[in-house]
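What follows is the residue order along each chain.
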Amino acid sequence: MQRRDVSTRRRFLGLAGSTAAIGAFPFAISIREVEATPETMATAIRSVTGGATVQTGKVKLDIPPLVENGNSVPMTVTVTSPMTSDDYVKSIHVFNEKNPQPNLGNFYLKPGAGRAQVATRVRLADSQKIIAIAKLSDGSLWSVTTEVVVTLAACTEDVM
Amino acid sequence: MAAALINVPKKAKSGDVIEIKTLMSHIMETGYRHTTTGAVVPRDIITSFTCRFDGEEIFRADLFPATAANPFISFFTVARKSGKFDFEWIGDNGFSETASASITVE
Chain A
174 MQRRDVSTRR RFLGLAGSTA AIGAFPFAIS IREVEATPET MATAIRSVTG
224 GATVQTGKVK LDIPPLVENG NSVPMTVTVT SPMTSDDYVK SIHVFNEKNP
274 QPNLGNFYLK PGAGRAQVAT RVRLADSQKI IAIAKLSDGS LWSVTTEVVV
324 TLAACTEDVM
Chain B
11 MAAALINVPK KAKSGDVIEI KTLMSHIMET GYRHTTTGAV VPRDIITSFT
61 CRFDGEEIFR ADLFPATAAN PFISFFTVAR KSGKFDFEWI GDNGFSETAS
111 ASITVE
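Protein sequence lines correspond, in order, to chains A and B.
Take any residue in the first sequence, count from 1 to its spot, add 173: that is its number in the working numbering.
Take any residue in the second sequence, count from 1 to its spot, add 10: that is its number in the working numbering.
Extracted from the complex, chain B is given alone in its bound form (with noise of 0.2 Å):
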């Protein structure tokens, strides 16, 4: 299991603005480097992450190669209701990783 660490209050007030932070353990071989020998090293990346509010997508990116390693990413949502978010990542070689986090709304 690949390692997901994810950054969600546990707790906030309706309408308040959360920050929501991702990072996932990942290599993002670019696929542009060689080894000694000459050989190109394949490219191994995580291509599509989404993020989704009780089912329904709230945030999607796509990544490159030009995505550093261990990708981190961080956005925004409005607290609403009580909920679980759920973050999915999928990339090259059928990787696919998921993971997920509750907030309270008060």
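Looking at chain A on its own, in the form it has when it is part of the complex (with noise of 0.2 Å):
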């Protein structure tokens, strides 16, 4: 009887919970990828991208798929350029859904880079989505979007 008592409160929670996400999004969206993301999330990309439209494409996230220990993850974003003083990469742009705050890293390329791609290792504090926008020398901007799951969180050991 208890347990039944327990599942109908946690569907009750759950769908209060999607019920509220649902309201609080409309105004947030202005690109597909962005739509299942928290809203600090959607804010952050809104800062970087100023409400212009982000294309699909063009940037590659290599991001291990499964990750055992969330607080060093091995990441490296390439973004398909030729890099001359005219066509260039100016900035790549990591978010992500969960962690505390929505920023993974902001990087700031020159057309003398020969190639855009930037890697460094970043912290998960849990299962989630992550979003690299790349800003070219056109104003174009391009994003792709990639799940990990996350087995140990970051930060959490220490609870523990």
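Each hint should be verified, as a subset may be incorrect.
[Unchecked claim] Listed next, the in silico DSSO-like pairs over lysine-lysine satisfying Cα-Cα at most 27 Å (straight line):
| id | chain 1 | residue 1 | chain 2 | residue 2 |
| --- | --- | --- | --- | --- |
| 1 | B | Lys23 | A | Lys263 |
| 2 | A | Lys233 | B | Lys31 |
| 3 | A | Lys263 | B | Lys31 |
| 4 | B | Lys94 | B | Lys20 |
I should point out that these hints are in silico values taken from the structure, not numbers from a laboratory.
The structure displayed is predicted, hence computed values, not measured ones.
Please dock the two separately framed chains into a single complex, following the hints provided.
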């Protein structure tokens, strides 16, 4: 009996949560990729894109799909670009959905880079969606979205 | 002196695309962790990384609490002439470190 109570309550909370989420989204989305992401991430993305349309493609995000330890996750972002003085990648921005704050990193490149590729190591607090957005010299924006599953979340080992 | 690890090829042919790898030793405390007594551990991170070649900026990055401890950053550049790369890390609590590496371009 008690069990059933719990499940009903959970279902209710779940329903309430999703309704609230749907209510919060309509004004947050300007691009398709961002639709299922929390408000803070959408805000962070808007601060980079300025509300402009983001196209899918050109960007490649290399990150393990299954992460055992979220404290240090290798990540490589590559953008297809000739990197000439009139056609190059200005900046690369990486966002996450469920860390305490939405940014993973901002990288600013110059045409002399030769190859639009950066690598770093990040922390991931939960299984979530990662979005990389590249800003090109002509002002166009390109993105890629990847899902990662994290088994040991960053920062929780202290509490345990 | 905090330890920086820099990996830049010593020699390159003109026009070669070279990879530069950097690692700075730093705790990168997120500011979101608590001690057993419940007190917040204050944020202490590197916020900015810049690489200059002969004084001209060639790469810059903003770092966040989501950057793993001992930030590792790698990027590319085209070797055009011999010169010196200067690296600079700036962070919370007045953290500021520099390192440099030279390259000979044939």
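Earlier hints that do not hold, by number: Hint check: nothing fails, all pass.
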